[in-house]
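Visitor: Using the sequences plus the hints, can you model the full thing?
Chains as they are written, first to last, in the working numbering: chain Z, 588 to 1057; chain L, 65 to 1067.
Hints may contain errors.
What the hints assert, rightly or not - For each label pair, taking beta carbons as the anchor points, the in silico distance ranges come out as:
| hint | chain 1 | residue 1 | chain 2 | residue 2 | range |
| --- | --- | --- | --- | --- | --- |
| 1 | Z | PRO821 | L | ASP818 | 54 to 62 Å |
| 2 | L | VAL130 | Z | SER856 | 50 to 58 Å |
| 3 | Z | SER856 | L | ASN722 | 43 to 51 Å |
| 4 | L | VAL130 | Z | ASP769 | 52 to 60 Å |
| 5 | Z | ASP1028 | L | GLU222 | 45 to 53 Å |
| 6 | L | GLY420 | Z | ASP769 | 54 to 62 Å |
| 7 | Z | ASP1028 | L | LEU186 | 38 to 46 Å |
| 8 | Z | SER856 | L | ARG190 | 41 to 49 Å |
| 9 | Z | THR824 | L | GLY508 | 53 to 61 Å |
As the list claims (entries may be wrong) - Here are a few chain Z residues that sit away from chain L, every Cβ distance over 12 Å (derived from the structure):
| hint | residue |
| --- | --- |
| 10 | PHE633 |
| 11 | GLU662 |
| 12 | SER674 |
| 13 | ALA695 |
| 14 | PRO715 |
| 15 | ASP949 |
| 16 | ASP955 |
| 17 | ALA999 |
| 18 | ASP1006 |
| 19 | ALA1057 |
No wet-lab data here; the hints were simulated from the structure. We put the beta carbon where it would ideally sit given N, CA and C, even for glycine.
The primary structure of each chain is shown beneath.
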Amino acid sequence: MTPLDINRRTFLRNSSYSVGSAALAWMLTRDLQAATAGRGVIGGNFHYPPQAKRVIHLCMAGGPSHFETLDEKPELARLGGEPMPESFTKGQQLAQLQGKRNALKCLAPQFEFRESGECGRRMSTAFPEIASIADEIAVINSMHTEQINHDPAHTFMNTGSIIPGRPSMGSWLLYGLGADTDELPGFVVMTSSGGGQDQPIAARQWHSGFLPSKFQGVQFNSKGDPVHYVKSPPGVTRDDQAALLDTINGMNRLLGKRVNDAEIATRISQYEMAFKMQTSVPGLTDVSDEPQHVMDLYGAQPGDGSFASNCLLARRLAERGVRFIQLYHRGWDHHGGVKKGIETVSGHIDRATAALVKDLRDRGMLEDTLIIWGGEFGRTPMAQGSGRDHHIKAFSLWMAGAGIKGGTTYGATDALGYDVAKDPVSVHDLHATMLHQLGIDHERLTYKFQGLDFKLTGVEKARVVKEILA
Amino acid sequence: MRIPTIILAALAGIVPAGAAPLSYNRDVRPILSENCFACHGPDPGTREAKLRLDVREAALDKEAFVPGDPEASELVYRITTDDEDDLMPPPDSHKALTPEQKDILTRWIEQGAPYEAHWAYLPPKRPPVPEMGEAHPIDNFILAGMPPGNRALSPAAEPSTLARRLSFDLTGLPPAESNIGNPATKIDSLLSSPHFGERMAVFWLDLARYADTIGYHSDEERDVTLYRDYVIEAFNRNMPYDQFVKEQLAGDLLDDPTTDQFIATSFNRLNQISEEGGIQDAEYITKYYAERVRTTSVAFLGSTMGCAECHDHKFDPFTAEDFYAMEAFFADIYEKGAYNGDGRYNEGADIKAYPGFRLSQWGPTLDIPEPGVAEELARLARKKKGAEAELNRTTPELESAFLAWVAELKAKAGDGTPRDVPMLEDDELPLGEVKTVTENVHSGRLARHQQGDGVVQHIVDTKKTPVTVADGDVFFAWVWLDPADPPKQLMLQFHAGGKWDHRAWWGGDHIPFGKGGKKGGHHRVGDLPETGQWVRLEVPAAKVGLGGGKTITQLAYAQHGGTVLWDLAGRQTADPHGVLAGLSDPARQALTQDGPLEEPQKEALRARFREVTPALAPIRKKIAQITAEETAAQKRKRSTLVTLSATPREVRVLPRGNWMDTSGPVVQPAVPGFLGKADPASGDPESGARLTRLDLAEWITARDNPLTARAFVNRVWALFFGTGLSRDLQDLGNQGQWPTHPELLDWLAVEFMDTGWDVKHLVKLIVDSKTYQQSSHAPADLIEADPYNTWYARQNPRRLPAEFVRDNALAVAGLLNRTVGGANARPYQPAGYYRELNFPKRKYQAHTDDRQFRRGLYTHWQRSFLHPMLMAFDAPAREECTASRESSNTPQQALNLLNDPTFVEAARVFAARLMSDHETFPARLEAGFRELLARAPTGEEATLLTALYDRQLGRYRSAPGDARALLATGIAPAPAGLDPAELGATTAVTRALLNLHETITRY
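Guide: In structure tokens form, the structure reads like this:
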């Protein structure tokens, strides 16, 4: 028996002296939560039957234009070059166009849309491969957000708050569900770029905030060591490192015999996992075991650090039990030259995105993998030269897999794609829907911090977008 | 997993200890606050059925209960009913009362339903010390809090354990061997060590959200290290805490502030700021103000006001108006919201009104010259004055040379022959820190060395003497292309008429500027010139759209890739005014007019003559050198952002925190209403004077402020035990924790204030106690009886904070640089770790001198990408005020200690030292163990480590290359004469030692 396998009776007999029992319950809950990293606080007690086991978030960083991707606006085409009707923009927040408030002009959508799939949804011809999975995806054309600049908008999309220090959605999932792997981190982030100016991305986007830091996302690098410090020092072979690990753990076990400290047992298991990671991470990132037709499907070259390679790695991570996989592609900030920018970014992401969905489908994994594709906000119908400015009143994204009703289109914007006209979906609604698919009631995944029950979905009422669910 | 799930369920069955009178604060309030106040509490916005239960009168008014009569009480019915429609809390709240909680509420009503004000909002009074037979008040309080019949502390810790504990807790460093002796003298020496301030700074800097970068978006650097050093120094000098608070919040408003008091005000400027393109000034000002309220309330008051930004607090009596009134205290801070060029400083603010300060890229800034710089500058000024006098003296020889020079110029100006007129000479080259060479130059002393992967350019400002182009002018520039690294393209750009739309280029079309533009804006002259020799690029001015009469204000050299030297550039012109370039207008006129020169004209010409005549070259060179020395001396300074007071901005209550909604009322600075009132400095509460940050600071540090001393004392207690007396270090409010030892907390808070907010006294008091000095090795039955150590019948083992994990390894290796204070340090960091940063792109250069081995708290603190080692060991990014760190236990920590070059290098240097000092492996092992853990290895431990040693010795004997590779880690020199195989094997052992749980834990 370890010292902390507490005997219930003695515990009860002694616990009510100098601390209020409510306070004690609070402490117990908190420590219990912190202690069960492997399984998560939900354990097996899902609030709903879970559809998804994992999430892949394809974060199109920079703010994809809905006009060139998912939201067809013929009226905007008609008004291209004309002044933007003032009724739309009066009193509204603008970003870089603020100084040109009095000379706003409409910019016509730069690509044709075409009926796609059996669902017949009209989709941009700039993304032919994504159009080819039209029947797999549910598009939401009525997203809106609160933050108009990249950094806080990403923070809001990832954590549901604009205040730094809140946990990101991947951390919430690990806290709730744990991971199905003890060889890899449960929350993995990768980045790529190409197609526009690279806006910076901060590690706070995958930080665990006030949740214990074991729930933090781990960034995999496309160059150098895939994970920091995963490689043994020079001159140290795998056997050397194994001998060292055995010694360290042997020493720690001896310590554990002399000292009552529950952390020692945890330390030993963390060293075991670290050693496993030293093997499994290089194995994961070495894609030489992938057949050529798979490499071709994604359009990936081994080790090129591209979005395509990251998509392939995302599938491999999903296969190995990683809970939340987040791929950032930094190429969507098209203030100028949106047409050229979209063409370039499509070259980077179109084929690989569709390949990931198809590959998962063919392997039977799409049914329990939730895919979210979208950025931190949309772009203006108004021109900023040959491009578009940031826009928060309306934008589009799509979801696929894990109980999502493919072929649906939900919500709509007004004639010029400026504001949501029907069925608005907030970022918190998106989070609630994601959690729902994982079997979690967003109201009931909470963590006590600063005396309050914090949730991913914040204090406002959030709603599961049932209409896109199968 | 620590606690079986069953315990949670079992809690429902806890029977309270007897039917003793209930305490509202201890027993009842936590239940009501957790389950009821969200809908029946202070926030009218979400209040249901107009019922509030947090105020007794209001609850009685709505007949929520009948004191003394549970059966007649609606509340009791509501919490016990089976009817789902009536049940409280309602099922859809996902909250439920346990039978025990229902019982408490019922009995509380039975006992008359007394309320108490929340403990933390009542000023602390000094309670009597219980008489438990101990000498130390803390021990008496602690013993009194234990269950009867079980009242005992654990035995004192082993001297070696205690030495290690005291040393880490008071300085963050392992004990010196000489320091394992009498605890009393040890404590005094540790408290007077300069490292005490460093240890306390690690705690305070989390609260102050100190970091070295701006945080948002580009996350650029800005220097505030002087503030960090101020904090270290304040703790070392034992500055009274009330003064420490006042100086940080309002040092600038004190009478005749000292330099240090201005440095202290960096505190208000440590918030994250943004310079992202497209951000709105007003929106970011809103963010900064709200952040300051969050920081101020948590850091000083131990209260969470953040929720009140959007609505009245649901659990504490903070209102939204309180929040914005608190913001208004900070509305005078001289700053802007958007640091991208669009932002505006406070109305009417002018830095000239604040002598001694300047506006840097990030706002008001104070420069502190290094010691001796002022004297140096004075000396240089005297020297320069003498040299200038020499330059300006007149001799007959100079005068005749001058007249000859004038005659020559007059002749040139009149003859109409085209000549080269420089636009860019050596004098212009050092602009903007450019790299220059003196070896391979075309003319003069310098040539510009320009190198890069993509576009590289250098812009020269000719604004001082704009160049007016004449018809027929030809531009030229001398270049030397490196044959080993030729560029793909060269470009000359001219800025005229407010635009850069005049470009000539050679080679391939790679540089984006003007690409695809009209002719003069993008004129291709021809192929790239020959490499390896000085070549003159030429292009007629007309080809780049610059006809006669156009004025050029700037010139830029650009290239794509490669290495190029650039030298003299200018134009070939027949324009007489052009030939006379460099002369002032009156001087030029004088030379192109007929007739004799007048005296003012002569003076103007003499000034120019002194600048160019070879006769005065030596003295000019001397002056240039003095100027260079002055510039260098002026750079020997440190800078920090400071708080200056300017016209306050208007602050309104923002409905739901929306910065665009200006419908809310304007508010004046005020402290939260339920906590009382702050008085203006004038002393006359009725004067109507606007309250200042200093008034806020005075109110925070007033003797009757209920929160300030408690919050600080509670956190200091946690530094030495791992847990606070009230467990939630962030929040003492309604949702915080009833203290395990409320009387002790209050006693300490009063003692702290009564001794003049004496921090070292407080610390000494705590570490002097038996409670602190007792063993952390508790028997299983004690852990079983009190798993969370709420009795403090033992010490808590604690993992070292991130910074000290590093310091410990470097210290035992003998590598640690113990310099206190100074600029940041850059330890090894994985390559490319900053690749996601942009505007500008960042390249991290680890220090390669002894700055590499500085203490962890000096590590460059990049908010968006904190150093991976600090992050792995739970150091916060300091984007926000942080009152407590998690103490996690993760595989990343293991990977870090195993493979981070910092720890590998420490291990090999440690090993080398052990080998040099001791002859045999057993002796080395014994010594290493003692230095690291202050104890000898047990037999079993020695067996394990010796086996590792033997294995690695065999390995490295057969593969000496591997040993050498391991021993090449890091920059520390390896001592000569040690056998690589032995050293490699010993290093394997020291790596094991540095990875031990015991090494990174203080017991």
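Visitor: A separate judgement is required for each hint: does it hold in the structure or not?
Guide: Hint check:
For PRO821(Z) and ASP818(L), the hinted distance range of 54 to 62 Å is satisfied, since their beta carbons lie about 59 Å from each other. The supplied range of 50 to 58 Å is met by VAL130(L) and SER856(Z), whose beta-carbon atoms lie about 55 Å from each other. A hinted range of 43 to 51 Å holds for the C-beta pair SER856(Z) and ASN722(L), which are about 48 Å apart. Hint check: VAL130(L) to ASP769(Z), Cβ distance near 57 Å, so the stated range 52 to 60 Å holds.
Under the hint 45 to 53 Å, the C-beta atoms of ASP1028(Z) and GLU222(L), about 51 Å apart, fit the expected range. Under the hint 54 to 62 Å, the C-beta atoms of GLY420(L) and ASP769(Z), about 59 Å apart, fit the expected range. Range check, ASP1028(Z) to LEU186(L): about 39 Å between beta-carbon atoms, so the 38 to 46 Å window is met. Between SER856(Z) and ARG190(L), the C-beta spacing of about 47 Å keeps the proposed range 41 to 49 Å intact.
In this structure the supplied range 53 to 61 Å holds for THR824(Z) paired with GLY508(L), their Cβ-Cβ distance being about 59 Å. Distance check for PHE633(Z) against chain L: the nearest CB is about 14 Å away, which clears 12 Å, and the non-interface claim stands. Look at GLU662(Z): its CB is around 26 Å from the nearest CB on chain L, clear of 12 Å, so calling it non-interface holds up. No beta-carbon of chain L is positioned within 12 Å of the beta-carbon of SER674(Z); the least distance is around 18 Å.
Distance to chain L confirms ALA695(Z) as a non-interface residue, since its nearest Cβ pair spans about 22 Å, more than 12 Å. Every Cβ of chain L is farther than 12 Å from the Cβ of PRO715(Z); the closest lies at roughly 28 Å, confirming the non-interface assignment. For ASP949(Z), the shortest C-beta to C-beta distance to chain L comes to about 32 Å, beyond the 12 Å cut-off, and the non-interface label holds. Non-interface call for ASP955(Z) relative to chain L: holds, since the shortest CB-CB distance, roughly 26 Å, exceeds 12 Å.
With a minimum CB-CB distance of about 25 Å to chain L, ALA999(Z) clears the 12 Å threshold, and the non-interface call stands. For ASP1006(Z), the non-interface assignment is confirmed: its Cβ lies about 15 Å from the closest Cβ of chain L, beyond the 12 Å cut-off. No Cβ of chain L approaches the Cβ of ALA1057(Z) within 12 Å, the least distance being about 26 Å, so the stated non-interface status holds.
Taken one by one, the earlier hints all hold for this structure without exception.
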